[in-house]
Structure formats: structure tokens, C-alpha cells
Amino acid sequence: MAVPVNNSSGCWKVPDVHKHHEQQKVCISRPKYREGRRAKAVKVYTINLESRFLMVLGVPAIGVMTELVQLCALYGVVEEYRPLDEYPAEEFTEVYLIKFQKLTSARAAKRNMDEKSFYGGVLHVCYVPEYETVEDTRLKLQDRRGYVMRAARSRAKAAHSEGSASSTTASDINVRHDQTSKKECAEDASNHSQHAEFPPLPLPPWEQHPFGHNSPHGISAQEDKMGTLHDAIINLKQPQVEKLSVNQASERDHDTEHRLTSDQASAFRFLPRSSHLEIRKRRMEEAPEQSASVSGGTETLIGPKLPEPPKLDMNDDSLNTTASLIRNTMKQVGSAPGFKAVEKKTKPRRRI
Amino acid sequence: TDKSYFYTVSSTFEYLCLFHYFFSLSEAKEQVLANLANFAYDPKNMEYLRELQVPDLFLDMLTEENENFVEFGMGGLCNLSMDPGCRDIILENDGISLITNHLSNRREETVLSAVTTLMNLTTPATCSQITEPGIVQCMLRFSLAESPRLRNLASVFLQDCCSQEQVRQAELQMQGVQTAIGIPLPE
Numbered sequence: 001m002a003v004p005v006n007n008s009s010g011c012w013k014v015p016d017v018h019k020h021h022e023q024q025k026v027c028i029s030r031p032k033y034r035e036g037r038r039a040k041a042v043k044v045y046t047i048n049l050e051s052r053f054l055m056v057l058g059v060p061a062i063g064v065m066t067e068l069v070q071l072c073a074l075y076g077v078v079e080e081y082r083p084l085d086e087y088p089a090e091e092f093t094e095v096y097l098i099k100f101q102k103l104t105s106a107r108a109a110k111r112n113m114d115e116k117s118f119y120g121g122v123l124h125v126c127y128v129p130e131y132e133t134v135e136d137t138r139l140k141l142q143d144r145r146g147y148v149m150r151a152a153r154s155r156a157k158a159a160h161s162e163g164s165a166s167s168t169t170a171s172d173i174n175v176r177h178d179q180t181s182k183k184e185c186a187e188d189a190s191n192h193s194q195h196a197e198f199p200p201l202p203l204p205p206w207e208q209h210p211f212g213h214n215s216p217h218g219i220s221a222q223e224d225k226m227g228t229l230h231d232a233i234i235n236l237k238q239p240q241v242e243k244l245s246v247n248q249a250s251e252r253d254h255d256t257e258h259r260l261t262s263d264q265a266s267a268f269r270f271l272p273r274s275s276h277l278e279i280r281k282r283r284m285e286e287a288p289e290q291s292a293s294v295s296g297g298t299e300t301l302i303g304p305k306l307p308e309p310p311k312l313d314m315n316d317d318s319l320n321t322t323a324s325l326i327r328n329t330m331k332q333v334g335s336a337p338g339f340k341a342v343e344k345k346t347k348p349r350r351r352i
Numbered sequence: 001t002d003k004s005y006f007y008t009v010s011s012t013f014e015y016l017c018l019f020h021y022f023f024s025l026s027e028a029k030e031q032v033l034a035n036l037a038n039f040a041y042d043p044k045n046m047e048y049l050r051e052l053q054v055p056d057l058f059l060d061m062l063t064e065e066n067e068n069f070v071e072f073g074m075g076g077l078c079n080l081s082m083d084p085g086c087r088d089i090i091l092e093n094d095g096i097s098l099i100t101n102h103l104s105n106r107r108e109e110t111v112l113s114a115v116t117t118l119m120n121l122t123t124p125a126t127c128s129q130i131t132e133p134g135i136v137q138c139m140l141r142f143s144l145a146e147s148p149r150l151r152n153l154a155s156v157f158l159q160d161c162c163s164q165e166q167v168r169q170a171e172l173q174m175q176g177v178q179t180a181i182g183i184p185l186p187e
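Those protein sequences? They're chains L and W, same order as listed. In this text, residue positions in the first sequence follow the UniProt record's numbering: the first is 1, and each later residue adds one. In this text, residue positions in the second sequence follow the UniProt record's numbering: the first is 1, and each later residue adds one.
Calculated from the structure, these hints are not laboratory results. Virtual Cβ for every residue (Gly too), placed ideally from N, Cα, C. Any given hint could be a false lead.
[To be verified] Heads up, incomplete: computed chain L residues facing chain W, CB under 10 Å, no partners named:
1. Y45
2. T133
3. K157
[As the list claims (entries may be wrong)] Derived coverage of chain L by chain W (criterion: at least 3 residues anywhere in the stretch with Cβ under 8 Å from a Cβ of chain W; other residues may be distant):
4. 62-75
5. 114-128
[Claimed, not checked] The following label-pair restraints were derived from C-beta to C-beta distances:
6. I183(W) x S154(L): 39 to 47 Å
7. E67(W) x T329(L): 22 to 30 Å
8. P88(L) x I183(W): 26 to 34 Å
9. E165(W) x I62(L): 51 to 59 Å
10. S117(L) x P184(W): 36 to 44 Å
11. T123(W) x E91(L): 34 to 42 Å
12. S335(L) x D160(W): 39 to 47 Å
13. D317(L) x P184(W): 27 to 35 Å
14. E165(W) x V122(L): 49 to 57 Å
15. E135(L) x I183(W): 45 to 53 Å
16. E91(L) x G85(W): 25 to 33 Å
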């Protein structure tokens, strides 16, 4: 890779066929829950792979260059184009190099033209960053960095203004999701199968305990603007849980914390793995105490029973299997002895 | 009613949670890792990924044997490190040395991601560590490489992150003893 060569490569050199030009095999082992609309390969895109230079392969050799360029121009200003006669092409096809003015145009063109038929052939479009000059590369990186910086700044600003307005630190995406789903719910309340941008899926069974004060990142409870069923379920459950725990263990000190946080009406909230472990450990420590206080086998339970965990039906065998697998694994993990609570300060690396 | 319950939890964040969760169980680590790395391309996911400690996860991948894990992890770092918050997390976790180790990776894509990540990690505080003579020499070698992408990227690094003095020093040193950074081991 780092072999120094004397840079005598002239302009008549045959362009190299790079590995990233190849169309990778479509991934066929993708589980159903991650299947998108189009079959895709497993590939990571970075700014290094992207470029405003595109190569279009598989153009039928019937003199349709003008048409091709017109098609490209739909997605942005084309600065330069030329046929790459030297590039090894399939029989009766041609290869073209297209230079867009902007990276975003190239991105749109690639997305929309790749694998589309064009005068009887199927196009393959890929980025060709090896045609960039040093200056092109520099500008590309600068643009990208600037874009991410601006996004970070506007995110911070949005969070700040929102925080001062409603004294919650809800992130903007949550809000946006709320709005979009509100709209979609109105438009399409009965037909759920077309609802989401993702296929519908249950969440893995995690605890709903509101340990908000433990969360070091502070996604705090967000007010529910939609009155969704989801929150209704939590709110139904929680008073009962509280009653039970008050009856059985009112002397425990963190109980007050429970009530305090649940009073703030917790919406759906993500807990970092470390706090999950902590909760689990605490549960396990409490379990023997509780069984002792229930006094053997008499079992005089006072108050309502906790609701049975709902059985999920995903309308699909493989999804059902996956769901039960997750459930079982969670149970196993939960009951495994020797779990160590991890402190946030030490910031454990997860091994996978 | 159970169903509508599920339909209400389909936000990007919750799906990221799901990905993250599956990552710990499934055999499809590679696919999910690639997915996470691609998620890192979109700045609006940064906060979530940070919260899920995905920067740590990517850094962990750099110590894996599987070359795909390394490539995807480095790609993810390359995407994340554009964001100042994620950049700081990577720096706190001693990312520079982990990344520098992969300048000698045999895969071009991994090396390119590593160079870009190092450029993104350059701040006044880390500049001296990133432009240490070994790395500058490595970039000088890269700038003579056959691959135009590597050549260009290394040139940008030398021009934007290093002072002319540093480059001159490294050129002088390359006449004598060289460091091994960036030279791949034989197969």
C-alpha cells in the first residue's frame, strides 16, 4: 500500500479497476427485521468513499451519451463528462465518467440511477474518488466537517431553547417523531401496515423502571403530546407496582425515589446498559429479602396482582421465534449469578 | 391494542436501541456493525449513538481479529469523529494510538478511514500527538503511494495538519532511520 513509486505514470495509463467499483454481492442472510425495500450489500460508507466523480458502467454502446448526460443533469450541474474508453467494459457497453459540481448531486444521481435500466441496459453507478485531485479531496472533507459541525451546533441550540421553554431536555428527534407520527396517525389511523418508515417491531423486553436520576445523560421524561396507548399502559402499570412495593418494602430508601420519578410521568425512556445491570443486581439482592418477608408459604397477597406480561403475536413465525428468543435470553441473563454493577465513571468497554 | 402499542415506538432512536441490543446477541454482528457505522454518517443520530456508547464499541472493534470488524469499526469512527462531541469521547478513550496502529492495515479502506479519523481528531491539544514524527513519516510514504486516494488524503494531512517545518524534519529523518508506522507486515 505504501510502496513508493516514481510518479512517472502518464496520462495514457489504463485506469485501474478498483475493488470498490465492483458491485458487491447482495447480502442474503439479513434477518427480516432489518430488510429494507431494496436488496443491498454490507458496506460502510464514509466520506472517503464518496465523491463528486461518478462512473457509470453498463451504458449500451448505441450512442446515447447525450441522453445519459441529460439524465445525470436531472440531479445537479454536471461539470464534466467523458467516456472512459480505456476502462475494461462488458461487451457492447460503454463506461462514462461524470463529474458533478456538488457531492450531494452525485449522491442523488447514484442513488437514483444505480441498477436502473437505461436503453435496454442496466446501469451500475459508483463513486470514483480516485479521479479527485488533492484539492477536491480537501474541499470534500472540509464541506463534510462543516456540515456536521453546523448540525451539531443547531442541535445544541435547539436543545437549549427547548430546555428553557419547557424545562425538559427532550431531543429534537423525539419531537420530530412525535409530530410526524401525529400526522400519520391522523391520516392513516386504521391502516397500520403502511404507517412507519420501518417495519413494525416490538422492543426487546427491558425494564420500565424510572431510574431517571441514574441516567448520566439526561434524556428526561418527555411530555406526551399524543396521549399514546404506549404511555397509557405504563401509567396503568405503575400505580400497581408502586402499591405493591409500598406495602412490602416501604422502609427501603430508594422507594421514595421511585415515587418521585414516577410522579414526573415517565414516557418511554432508554436506560444505558450500565443502569440496567445495576437495577438487575439490586433486584437480585432484594429478592431473598422479599421472599423472607412474605413469610413462607401462606401467601396472603394483598392488593391487585401485577398484570401478566402480554403475549406478542407478530403475525410471522420467524418474528415470533425471534421475540421468544429475546425473551428467553433476557430471562437467562437476568437470572445469571455474579452480575457486577458497573459504575458509569469507569466506563466499561463492552465486549461482544 | 397490543399492536398499536408497537406502532407507537417506532422512532429512529428506538430502532437504534434495537440494533444495539441485537448486536450483543446475534451472529449478524458484521451486518449490524455496518448498519451502526452507516447510521453514524448522519449527524442527527450522533447524540443517540453517543448515549449508546457506540464510539466505544467502534474502538473495541479495532482490536478484533476479523478484518471486516476492523474496517467497519474504523469506518464508523471516521463518520463519528466529524462530530465534536464524539471526537472528544474517542480522544478520552485513547483512540489515537488504537487508530494509529491500523495505519499499517492491509486494507486500503481501513487505512483511508484511519487517516481521515486522525485528521478529524486534530485539535490544538492533540496536534502534537497526531503529528509526531512517526506519523508524519508514514504520511510522507503514503503521499508517494500508488493509490490516488491514499496519495491525495496523505497530501491533505501533510498540508493541513502539519507545519512545513515538521514535514521537512520528517523528510530529513527518512534519509536515516525510519519508523515502522504504516508499513504492513508480510502476509
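Please check whether E67(W) and T329(L) have a Cβ separation lying inside 22 to 30 Å. The hinted range 22 to 30 Å holds for E67(W) and T329(L), with Cβ atoms some 28 Å apart.
Given the range 27 to 35 Å, decide if the beta-carbon distance of D317(L) to P184(W) lies inside it. 47 Å, violated
Supplied contact hint for K157(L), tested at 10 Å Cβ to chain W: Violated. Min distance 13 Å.
For the hint 51 to 59 Å, verify it against the beta carbon of E165(W) and that of I62(L). 58 Å, holds
Should the hint that E165(W) and V122(L) are 49 to 57 Å apart at their CB atoms be regarded as holding? 53 Å, holds
For the pair E91(L) and G85(W), does the Cβ-Cβ distance stay inside 25 to 33 Å? For G85(W) against E91(L), whose Cβ atoms are near 52 Å apart, the range 25 to 33 Å is violated.
Using the beta carbons of E135(L) and I183(W), state whether their distance is inside 45 to 53 Å or not. 28 Å, violated
With a cut-off of 10 Å, does the beta carbon of Y45(L) approach a beta carbon of chain W closely enough for the hint to hold? 6 Å, holds
Outcome, coverage of the stretch 62-75 of chain L by chain W - at least 3 residues whose beta-carbon is closer than 8 Å to one in that chain: violated (count 0)
Could one say that the CB atoms of S335(L) and D160(W) fall in the range 39 to 47 Å? Given about 54 Å between the Cβ atoms, the range is violated.
Interface hint for T133(L), Cβ within 10 Å of any Cβ on chain W: 7 Å, holds
Is 39 to 47 Å respected by the C-beta to C-beta distance linking I183(W) and S154(L)? 43 Å, holds
In summary, the structure is inconsistent with hints 3, 4, 5, 11, 12, 13, 15, 16 from the numbered list given earlier, while agreeing with the others.
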